[in-house]
Structures are given as C-alpha cells and as structure tokens.
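Undergrad: So the sequences go chain by chain: A and B.
Going by the numbering used here, 68 is the number at position 68 of the first sequence; the sequence numbering is gapless.
Going by the numbering used here, 26 is the number at position 26 of the second sequence; the sequence numbering is gapless.
Errors might be hidden in some of the hints.
Interface residues of chain B toward chain A, partial, derived using beta-carbon atoms under 10 Å [what the hints assert, rightly or not]: (1) H246; (2) L248; (3) P251; (4) A253; (5) Q256; (6) E318; (7) D334; (8) L335; (9) L339.
Rather than coming from a laboratory, the hints here were simulated on the basis of the structure.
Note that CB positions come from ideal geometry on N, CA and C, so glycine has one too.
Single-letter residue listing:
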Amino acid sequence: MRILIVEDDAILARGLIRILESEGYAVDTVTRGEQALLAMQQERFDLVILDVGLPGMDGFEVLRRLRAVPEPAPVLVLTARHALDDRVRGLDLGGDDYVAKPFAMSELVARVRALIRRSQARAGPKVVHGPLVLDTVARRAYLSGAPLELAAREWAVLEVLLARAGRIVSKESIMQAVVGWGEELSANAIEVYVSRLRTKLEPAGVRIRTVRGFGYLLEEPKEA
Amino acid sequence: MTSGRSLRVQLLRRLLLPIAALLTLGAVVAYYASIEPAQAAYDQALIDVGLALGERIDVVDGRYVLDLPDAAERVLRTDRYDRIYFRVQAPNGTPLAGDRDLPPAPADDTPKDGVIAYDDTYAGNPVRAVAVLVPCGGKVCTVQVAETTVKRRHLLRDIVLSSLVPTLLISIAALVILWFGVKSGLAPLARLSEQIKERSPRDLRPIEVGQAPEEAKPLVGALNDLFGQVAEANGNQQRFLANAAHQLRTPLAGLQAHTELALSQPVPDSCRAELEQVHLATVRTSRLANQLLALARAEPGGNAAAGMEALDMRRVVEGVADEWVHRALARDIDLGFELAEARVRGSEFLLREMLANLIHNALEYVPAGGHVTVRTCMRAGDGDAYPVLEVEDDGPGIPAEERELVLQRFYRMPGTSGTGSGLGLSIVSEIAASHGARLEIGTATPAGRGCKVTLTFPATPL
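Chain A extracted, bound-state conformation (with noise of 0.2 Å):
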C-alpha cells in the first residue's frame, strides 16, 4: 500500500511519514501542490493525505486538479476546522474524507485504513473486517475462516455497516439501503436484524455498537 502525503509543515509530515511506516504503508511525501500533481501522473498511490492550506497551489487546488486524472487515488484531506466548514463539506470539493488538525493520530490511522478497505473493495470482491469476510460477488460470509450463515436483510444491514466500519451509521441510511422500492420497513426491524447479526458476529469478537437515538457502529477490528 502506497501513500503520498502533500504537507508542507516539515515536522507534522515527519510524525506522519513514521506513524504510516510502522502501520506497514509506503510512504512518499511532497511539500508543493505542484509536486503532488507531478507525483500522482507519474506513480500509482493507493491513498493521497492533502494538506488544504499549502503554499502557492492550494489544496483545493490540487483536488479539483486531481479529479480530472483517471482512476484517481482516494484523498483523505487535512484542515485547520474553519476552512472545513464552508469549503471541504459545503462545497464538496471531491475530498473522500476528512480530518481536522490537530488530530489523534488513531483516528487518522482509522480513517485512512477505512479509505483503502472503501478503495480496494471497490476493485475487489472481498471485504476483510478482522475475523469477518464478505465475498460480495458469490455472496458469502466467512466468519474465523467458518462459513457463516446471513439471511438476505441481515446480509444488506452488514454490508452497510461495514462500508462505513468504525464510523455511525444512521438507522434511516441503513432503512434506505436495505429497502427496496416500495417496501415498508420498521425502525424496530432493523433493530430484530442488529440483533441477530450481534448474536452471530460476537462470539469472533466483531462488535456493533448502538448509538442511541442515532444508528449502529461497526467497531474498527483490534490489531492483533
């Protein structure tokens, strides 16, 4: 796995490149806008981290730019908060996620783990969540290597919940991706459907969490 990271601030680009590289990621890094686009044309990366406030050719910039290249790599995009809120979001600019500095950096390791799964599933069948595999393509689960026995709804909740590992997922959002055309279907089903998928999924130590009044969070698998 190949990552670039476009951030001009020396120190902060250091701290990345050995968090990456201890997580098992190759890590190149520029400090231009222009660099990046001449790096991206050149190499194949499996994920970009931008940095918005760049100097010359912004960040903004090298996305809108970016967005015209081919099969371009995810781009997971570092701001300071308030250029987040009427640019990344508002005018959504084409960033595959976010993450405001100053951050944790657990949860930029998540989040740009999340980003290759989304990317790589898109390429390939296989889903891998710790223990768990889902084979979208022959439409079977695995559970510890074990074949694991998922009814159609069921099937169509993990799969939600899965694409969005580690993040909430609204009940609505989950409504709508499991309901077809046309078809009613309960707040209160869901819930019949979590719960039978916790009864199956737990014991190989994948967890769903309940966000009250909101949703279902699919827990980031721990790290042997």
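Knowing the structure of chain A, use the given hints to seat chain B on it.
TA: Leaving out everything else, chain B in the frame of chain A:
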C-alpha cells in the same frame, strides 16, 4: 456641553429672552403710538371749548364782556368724569369770567396755533389745561380751559390694558409654541438617541444617516466613524487571535504526532510518565487553540454574522456525532441522541464548536457508565415554537451558585480535575449570544441530579 443642561431649555432660554424683550418693546411702542392721538383728541375738545368761549367775548364801550348765560355755563362745566374749569381774561389780564384763581399757562411756553397745552394742579387735583388766544376787538384775549385727569387716566389704563393683555397672551402662546415646537423639532434627535441606546454592544453597524435630521448628520457621521474604527480595531484583534490560533494547529498536530509516536514505542517507564504528561499537555493546548479560534469568531467583530445561514441543528449534530461517539465509547459513556428538526439561522462552524464544548464538558465530568444525551427539537412557549439545543448528563452537575460563574472566561469550578481551560462554557455563552439564543444551566432531573444545558434560539430565524 456640560451634562444635564437640556438642549431644549437652552434653546428656550435663548429664544424666550429676546422674544420677551421684543414683545415688551412692541407694547411700549404701541402704548406711545396710541396715547399721543388720544391725548391730542381730548386736548382738542378743551380747545374747542376755549374757542367757543372766545366767540362770546364782546367789546362794549371799550369794556370786555363775556356773554355766558348760567345755563350755558352749566352745560360747559358738565362732564361725565371730570370737573371742567375755565377762566376768560381780557387782553390786559383782567379776569372776565370763570375760575379766577386758575393757574396761568407757563410763561416760557410759546403758543402753537394760538394754543398752549400744559399740565398743572388745581384745587389739589392734577389737571390738563389749554390756554387759547382769541382775537377780541383788535386785541388778544386769553381763554384757559382745564379739566381733571380722570378720563385721561381711564384712557391710559385702557390703553395699557388693551396693549399689555394681548402682549401677555402672545407671550404665553409663544412660550407654549416654542416649548412644543422645540420638543417636536428635537424629536428626531431623541429618536436617534433611542436608536443608539437600544443597540447591543455587539452592534457596530453604522447608523443610517438618511433618517437623521440634517443638523444631526455631522454627529451621526462622527459616530459612524467611531463605530467603524472600533469595529475595525475589534476586527483586527479578532483576526489576529483567530490567525494566531489557526497557525498554532499545524505545529500542534506535529507535536501530537510525535508524542503519540514516542508513546507507541517501548520507552523506559520513567520516561513514559513524562511523555504522557507532554502528550496530555499537547492535547489540551490543541483544544485551547480551537477554543480561542471559536471565541475570536463568536465575539462582536469576529465576523460571526457574516457566516450565518439557515440550517437545521439536527443536521449539525449528526455531522459531529461520529467524532464524539468514539470518544464516549473510549470512556465507556453512553452518548445518545434525541434529534428532531430544529431550524435556526446560525453559523455551522460556531454551532459545531458550541456542541463540541458542551459534549466535551459532559464527557469530562460524567463518570464511566454514565449517560449523555444531545437533543434538538422545537419547543412551544408564548404561543411560538422555539428551536432548542440541549445537552443533558447524569454526572455530578453544576451547583446553583456556580452556574453564573462557570460562564466567565478561565473560571474553573473548585475541586474539579485539572484538565480544562475554563473556556468551554464561556465559549458556549458567547456563541449563544451571537445567535440571540438564551442559555440556561439546570439539573437533568427534578431531584437535582445531573446537568442540563439548554439553548433556546429565537422563534423567527433572524
């Protein structure tokens, strides 16, 4: 201008004195203008009597005789108000008839058209008299006619009254007109001062010059210049603070990265404790930088109004829920949500910062196993529905006597652990104020347990 000296009183004082003087002068002029012809008319009546008497002087055998029957004399002496006196003298001064001791005309007066008019006293009373020179037998006889001054005094009184009363009335009317005139003339000024008085200290927008009276425009202009300067100075300060806080984030992110890295490696225990302290301090400093930035933007002049937009607080909460749920899970606290639509006009950045401070506080003070609930809804009251944002917990709560104090900057409740900066709730309070929202700190249960912070936003979006 010294304070307390009313502009109206000053104006009145300056206007009334000259006006009173002018009116008095007018009265005096009117008095003299009317008294002269009246006096002259009465004098003329006396002269006519004198001339009539002169007609009756005959010269018989070289002697001067006045032919005045008693009946005629009675008629002559009859007057409604005054006593009439007369004396007819022959050219040599011999009195022919009438009151022989009537004082003569002053010797130094020269006759005008054969008449001398003069004032004197007779029989103890002031009299007005005329001496008429009439031709008689080739010589000149003198006829004096005098009358007491009752009529004339009446006339005088009448004239004084008739000129003074209108003058007085006019004066009073002028006073009243001036009083109300000045009042209504100064009304725009009063409105202007009301307008300024009603302003909140956050409001540094210029006053509309168009509404101000012409004379007050320079004043409004000067005020607006001052407002502008204050706003600019304010803005500069806010921008500096915001910039400084903003610039701190990247180095802080670097510092945090490296302390976390160091802690993730095998370190001697003696070192680890120190590193953990450094890390804790870094995290706290990062939070402080965020808070200062929020404070700078929420304050008057911090340009909060520029970022105001119509938004649903429910969506704002949903946007930050993820971040906070992770922290709550890490502390084994149940962070829950009760979210209904609550539309307000606000700054998303500031509302998020407000939420961050409220949830952070709750997570900080609620023990493991506790509950924190974030709520958005519309709440009815006074016949209106108000958007409400509420954060409730079942932690130790804030004692009633501390609830005002915790809103002050850098205030920390006695006996609390040393992690906060004391800025959290003052930021909440500033942001509430910049949104026109009411902030209440109470307890979560009627029994007085827990803490509930309620923000009630204006019913009609600003």
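Undergrad: Are the hints correct? Go through all of them and say.
TA: Okay, the hints, checked on the actual structure:
Interface hint at H246(B): satisfied, since its Cβ lies 5 Å from the closest Cβ of chain A, which is below the 10 Å cut-off. For L248(B), the shortest C-beta to C-beta distance to chain A is roughly 9 Å, which falls under 10 Å, so the interface hint holds. Taking 10 Å as the C-beta cut-off, the interface hint given for P251(B) holds, the closest approach to chain A being about 7 Å. Interface restraint check for A253(B): the shortest CB-CB distance to chain A comes to about 4 Å, inside 10 Å, so the restraint holds.
With a cut of 10 Å, the hint placing Q256(B) at the interface with chain A holds, because the nearest CB-to-CB distance is about 5 Å. Of the supplied interface hints, the one on E318(B) holds, with its beta-carbon coming within about 7 Å of a beta-carbon of chain A, less than 10 Å. Hint status for D334(B) relative to chain A: holds, with the closest Cβ pair at about 6 Å, below 10 Å. At about 7 Å, the closest approach between the beta carbon of L335(B) and any beta carbon in chain A falls short of 10 Å, and the interface hint on this residue holds.
Here the hint on L339(B) is kept, as its CB sits about 6 Å from the closest CB of chain A, short of 10 Å.
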